[in-house]
Amino acid sequence: DWISSDVISKLKGYYRHVDDVDLFVGGILESPLPG
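Take the sequence shown: its letter number 12 is residue 12 in full-length UniProt numbering, and every next letter is one higher.
Among the clues, some could well be false.
[Stated by the list, open to error] Label-pair ranges, simulated between beta-carbon atoms:
(1) 34 x 7: 13 to 21 Å
(2) 13 x 34: 23 to 31 Å
(3) 35 x 13: 14 to 22 Å
These aren't lab readings, by the way, just hints derived from the structure by calculation. We treat Cβ as the ideally placed atom computed from N, Cα and C, and that holds for glycine.
From just these sequences and the hints, can you work out the full model?
See the structure below:
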């Protein structure tokens with residue numbers, strides 16, 4: 001799974017550190033990789 005760079009940029013405006021991102025939010029923003 002991966003998160004697009006656009007979404008990561010937006011998350012940086014809401015969270016100071018990657019550990020602060022809520023598990024549910026991070027999970028619903030992930031996109032599956034093919035294969």
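Open item on the list: Of the numbered hints stated earlier in the document, which are not met by this structure?
Closed with: 3
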